[in-house]
Amino acid sequence: MNLRQLEAFRAVILGQTVTRAAEMLHISQPAATRLIASLEEDIGFSLFDRIKGRLQPTAEAMTLYQEVQRSLLGVERIARTAQDIRNLKRGSLHIACAPAMGLSFLPRAIAAFMAEHDQVQITLMVQSSREVVDLVVGQRCDLGLIVLPNTYPSPRAERLLATRMLCALPAGHRLAERTTIVPEDLQGEPFISYPQSIGSRQHIDAIFAAHGVERELRLETQLSQPMCTFVEQGLGVALVDAISAVEYRGNGIVFRAFEPAIEMDFSMLLPIQGPLSKLQASFLAHMQRFIEAQVPVAYRF
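FYI, the numbering for the sequence shown is 24 to 324, going by the numbering used here.
Rather than coming from a laboratory, the hints here were simulated on the basis of the structure.
Don't be surprised by glycine CBs; every beta carbon is placed ideally from N, CA and C.
Accuracy of the hints is not assured; some may be wrong.
[Stated by the list, open to error] Each pair of labels, with its calculated beta carbon distance range:
1) ALA304 to GLU200: 43 to 49 Å
2) PRO319 to MET148: 27 to 33 Å
3) ALA138 to THR252: 28 to 34 Å
4) GLN296 to GLU255: 43 to 49 Å
5) LEU246 to VAL160: 21 to 27 Å
6) LEU246 to ALA135: 21 to 27 Å
7) MET85 to ALA54: 20 to 26 Å
8) PHE68 to MET148: 54 to 60 Å
9) GLU83 to GLY161: 55 to 61 Å
10) ALA135 to GLU46: 39 to 45 Å
11) GLU63 to ASP141: 42 to 48 Å
12) LEU171 to MET148: 16 to 22 Å
13) GLU63 to GLU139: 45 to 51 Å
[Stated by the list, open to error] Below, simulated SDA-like cross-link-like pairs (lysine to any residue); rule was C-alpha separation at most 20 Å, straight line:
14) LYS301 to LEU116
15) LYS301 to GLN311
16) LYS301 to GLU181
17) LYS301 to ARG179
18) LYS75 to ILE36
19) LYS301 to THR146
20) LYS75 to GLY38
21) LYS75 to THR42
22) LYS301 to ASP141
23) LYS75 to THR40
24) LYS301 to SER115
25) LYS75 to GLN52
26) LYS75 to ILE59
Construct the entire structure; sequences and hints are all you get.
Listed below in structure tokens is the structure:
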């Protein structure tokens with residue numbers, strides 16, 4: 024007994040004639056007849072009585088039909104699942120992401136992706152860039168998004184975006200009309216900093232020290248989004264990443280280029296070994312398109 028025989032058997036039950044069964048299966052009538060005959064031979068009993076030109080299933084046939092129906096529905100579900108996987112409608116992704124992109128930008132990107140792949144399951148974890156690297160290296164997530172540069176080994180990566188840090192100023196600030204801010208412009212300004220434990224803090228401090236500029240350092244936070252809130256409240260100025268600038272939804276801040284430029288890259292970490300799955304490759308391409316559409320050219324490096 025094989026799948027084709029069972030399909031022909033079910034088609035005859037539903038169509039009541041071999042002719043209609045053949046049409047349902049897109050085969051010739053003789054081929055359908057042979058399939059039924061070979062099935063009866065394999066199982067050792069008759070399945071149909073011929074009454075007035077129609078095939079009347081026997082009681083034994085109806086008992087068999089119930090089991091065939093359950094089995095073939097299972098096969099069809101498997102076939103539909105395989106088709107969904109092939110068409111990227113099914114599957115799962117476990118994504119780890121640094122906070123700069125993971126708090127709002129990546130959730131918006133994921134929402135757009137899921138709108139096109141409505142059966143895909145996605146898990147998002149927001150961690151430090153170092154922890155994201157560890158998760159990818161330990162194969163505990165499918166993809167990771169981090170902020171570069173970093174000072175620790177990382178697996179293979181695809182750079183998504185090369186940006187420059189931007190100077191965030193309250194909308195009514197004396198420097199708001201400038202197109203570019205330099206260290207000397209911020210002499211004596213209240214300045215919202217990253218904590219000393221974050222690498223960007225040392226880089227930024229070194230730039231101001233090299234230009235002999237002293238700032239008023241009274242407020243620190245490790246994330247650019249709270250920095251923007253502090254700037255909006257008039258508590259100082261800050262240097263923030265471009266993604267946080269994109270995500271800012273108020274009108275109380277202006278973002279200006281800062282020189283000398285401080286590069287900040289966003290990269291997607293890929294599995295260490297083997298090719299990407301179709302779903303991973305599709306999400307990577309989606310992120311590249313989403314960033315292209317969302318991040319202004321002026322914010323890029």
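Range first: 54 to 60 Å. Now tell me if the beta carbons of PHE68 and MET148 are that far apart.
Once the Cβ atoms are compared, 59 Å apart, the range 54 to 60 Å for MET148 and PHE68 holds.
Does ASP141 sit within 20 Å of LYS301, going by the straight-line distance between their CA atoms?
The hint holds at about 16 Å.
Between the alpha carbons of LYS301 and THR146, is the straight-line distance 20 Å or under?
holds, 17 Å
Pair hint outcome, LYS301 versus LEU116 [Cα-Cα no greater than 20 Å]
Roughly 11 Å separates the two Cα atoms, so the pair holds.
Holds or violated: LYS75 to THR42, with C-alpha atoms at most 20 Å apart
holds, 14 Å
Distance restraint evaluation - PRO319, MET148, Cβ atoms, bounds 27 to 33 Å
holds, 28 Å
Holds or violated: the 42 to 48 Å window for the beta-carbon distance between GLU63 and ASP141?
Roughly 44 Å apart at Cβ, these two residues keep to the hinted range, so it holds.
Verdict for ALA304, GLU200 (Cβ pair) under range 43 to 49 Å:
The hinted range 43 to 49 Å holds for ALA304 and GLU200, with Cβ atoms some 45 Å apart.
Take a quick look at whether LYS301 and GLN311 sit within 20 Å of each other, Cα to Cα.
holds, 16 Å
Going straight from one Cα to the other, do LYS301 and ARG179 come out at no more than 20 Å?
Cα-Cα ~18 Å, so holds.
Does GLU181 sit within 20 Å of LYS301, going by the straight-line distance between their CA atoms?
Between LYS301 and GLU181 the Cα gap is close to 16 Å, so the pair holds against 20 Å.
Next pair to validate is LYS301 with SER115; report whether the Cα-Cα distance is within 20 Å.
Holds, because 11 Å separates the two Cα atoms, which is no more than 20 Å.
The structure shown violates none of the earlier numbered hints.
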